[in-house]
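My request is simple: use the sequences and hints to build the entire structure.
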Amino acid sequence: MTVDLAPLQTIWLGRRSYRSTWALQRALADARRKGWQEDTLLLVEHEPTITLGRRAIPDHLLASNEELEALNLDVVAIDRGGDVTLHCPGQLVAYPILHLDRWGNDVIAYLRHLEEVGIRVAREFGVTSHRDAGFTGVWVGENKLAAIGVRVSRGVTTHGIALNVDPDLKLFRTIVPCGLHDRGVTSLRELANPVPRLEQVREVFIQQFCAVFECEAVPYPSDSVDPLAEFAPPEPAPSPLQLSLSLKRQAS
Amino acid sequence: MAHEVLMPRLSDTMEEGTIARWVKQVGDRVEKGEVLAEVETDKANMECMSFFSGVLSRIVAQEGQTVKIGDVIAVIAGEGEEAATASRAPQTQAASTPQPSTRTAPEEPERSQTGPSVQPHDESSSASSGTRLFVTPLARRLAQERHIDLRQVKGSGPGGRITRDDVDAFTLPSAAAAASVEPTSTTLPRIKQPSRMQQIIARRMVESKTQVPHFYVRTEVDLGSFLDLRAALNKGVDKDQQVRIDAMLIRACALVIARFPEVNASYIDGHFEYHEDINVGFAVSLPEGLVVPVVRQCDRKGVRQIDQEMRPLIERARALKSTTADLEECTFSISNLGMYGVEEFNAVVNPPNAAILAVGATQTVPAVVDGVIAIRQRVKLTLSCDHRILYGAPAAQFLQELQRILENPYEILL
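Keeping their order, the protein sequence lines are chains A and B.
Throughout the first sequence, residue numbering follows this note's numbering, covering 1 to 252 in sequence.
Throughout the second sequence, residue numbering follows this note's numbering, covering 253 to 666 in sequence.
Since the hints were derived computationally from the structure, they do not count as laboratory data.
All C-beta atoms in this analysis are idealised placements derived from N, C-alpha and C, irrespective of residue type, glycine included.
Accuracy of the hints is not assured; some may be wrong.
[Unchecked claim] Facing chain B, a subset of chain A residues (Cβ under 7 Å, in silico): (1) Arg54; (2) Arg55; (3) Pro58; (4) Leu62; (5) Arg80; (6) Gly81; (7) Val107; (8) Leu111; (9) Ile148; (10) Val150; (11) Gly155; (12) His181.
Listed below in structure tokens is the structure:
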């Protein structure tokens with residue numbers, strides 16, 4: 001018996017800035033809500049960026065302005081749940097833009113599903129990972145392999161999961177990841193043998209995502225159309241937290 | 253009237269939420285469906301919509317504060333209360349908000365949108381009775397837009413003030429009248445948020461009825477011997493310790509289920525799962541919903557043991573204190589509406605079960621027994637089946653076998 005699986009438009013963006021991808025996410029989410037767009041999975045590798053969730057504690061950003069500048073780290077205050085997160089090359093970032101209606105609009109169940117995808121991907125590369133009740137994410141021992149933070153607005157998800165394949169772990173010293181002082185960060189490079197390439201992890205991720213979320217990956221309608229060009233909205237204005245952070249920096 | 257805004261349940265497993273940000277501030281106008289606040293739980297940020305229109309008169313839970321589901325996070329004052337809340341707001345604000353709100357003119361946007369226009373009626377002068385009309389600004393604007401004579405609208409606000417709801421209520425029947433339908437009532441439906449249990453029921457029932465292809469098989473069973481057996485079992489036993497009919501039914505079902513593995517199975521993710529244990533759930537009706545507590549391994553337990561295990565399950569269910577373990581791992585369900593005199597009904601399959609048995613009332617009816625018409629006690633049983641895993645013939649055979657055991661019930665004591 002065959003089952004018609006929901007289509008999932010899968011878009012690999014390559015290496016993109018955080019800000020432009022965030023703008024794309026919001027445009028796609030808006031299109032999804034209006035029914036112009038199917039569920040979408042954006043996959044991307046970001047330039048070095050620190051993102052601050054809605055309730056981020058400024059002290060969890062450890063680096064000084066000079067250090068941030070030296071590391072070429074952008075800081076963006078955003079609208080997802082969670083605290084401080086770092087993105088950089090070598091990290092596979094996935095942003096599912098899904099309508100949660102099909103999933104009973106249960107946002108915590110959605111988080112657990114994202115963790116399941118991360119755990120399955122790690123398993124495919126011979127790495128055993130686990131959940132930790134109360135600490136959303138994919139963990140290997142006390143170290144985080146994948147960070148998760150989402151936003152659901154009028155039924156549609158944005159943000160998602162960032163899986164460390166082979167990032168420069170030193171960059172993570174600039175933050176207290178997710179606000180947890182006693183936890184560390186790890187990557188598939190540290191754990192898997194042989195170390196997979198990001199492209200390999202990406203393909204496995206799509207496969208496992210489709211298995212967990214019961215959908216079928218379809219390529220973006222036309223490879224010749226740049227989704228960024230199609231949906232590109234202007235850069236967002238800085239949020240109040242961003243402004244207060246910059247003020248805090250100036251003061252210190 | 254003032255509406256309390258409660259911390260919404262955004263997940264079945266959510267227990268509390270944290271206010272990440274207030275999108276609306278005290279004094280802001282709020283329309284139904286507008287985003288009031290962002291709520292965070294776990295690592296998810298979500299929007300909390302308003303179910304009411306009015307003015308945000310008080311913020312109870314501040315940004316960063318974590319509150320339990322169902323706790324009041326804010327108060328929205330209705331249209332008629334704008335003046336009252338405006339005078340009350342500063343005190344409550346001082347107590348709860350560190351920074352006093354600078355927005356104090358909720359009516360302003362309404363005025364600016366109205367613009368200069370000819371007033372169709374001078375409502376503020378006098379109605380036929382000669383009394384002055386009290387109308388909220390929004391109600392006045394809406395009435396103007398819809399060409400409604402406010403003198404004909406009955407005010408429900410404080411002091412008979414005409415509110416938006418009154419204008420809306422007035423609009424509805426007149427629209428209906430245009431379609432030459434007699435309005436029966438001008439009251440709007442009462443809106444109530446379903447409880448967590450009711451939400452789960454709604455979700456599961458939709459899931460079942462949309463995903464499970466149901467079919468039904470029915471049979472009528474002579475319960476005479478079964479009831480005689482129960483009477484014999486309960487002879488001299490205190491009323492509150494007597495074996496329940498349901499315990500005997502569960503036991504009978506378990507015996508039959510053991511011979512029909514596809515009844516004790518689930519269709520999950522495109523494959524068949526056959527369950528080792530026969531765990532029978534029985535629906536317990538509650539004032540605001542129902543739960544299905546589960547008696548485990550019923551094929552290995554006697555009638556009395558099943559009956560004894562049902563008692564605390566029912567007690568906890570009625571006290572709304574069912575534990576997760578009470579409700580888990582059900583492999584077959586029974587719903588008995590016999591006590592309500594229902595002759596027969598079709599139950600909705602309780603996913604991921606393959607079947608549910610609906611039990612009607614035992615009725616004293618004439619029946620042909622051994623070629624003679626006799627007065628017998630009969631019950632109608634309906635089995636609802638998930639046709640993906642349980643097909644017509646085995647379902648029918650299951651009922652046939654169940655009928656045999658119920659009509660020759662001594663087997664259930666073995």
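Here is what the structure says about each hint:
no., hint, verdict
1, Arg54, "holds, 4 Å"
2, Arg55, "holds, 5 Å"
3, Pro58, "violated, 13 Å"
4, Leu62, "violated, 21 Å"
5, Arg80, "holds, 5 Å"
6, Gly81, "holds, 4 Å"
7, Val107, "holds, 5 Å"
8, Leu111, "holds, 6 Å"
9, Ile148, "holds, 5 Å"
10, Val150, "holds, 5 Å"
11, Gly155, "violated, 10 Å"
12, His181, "violated, 17 Å"
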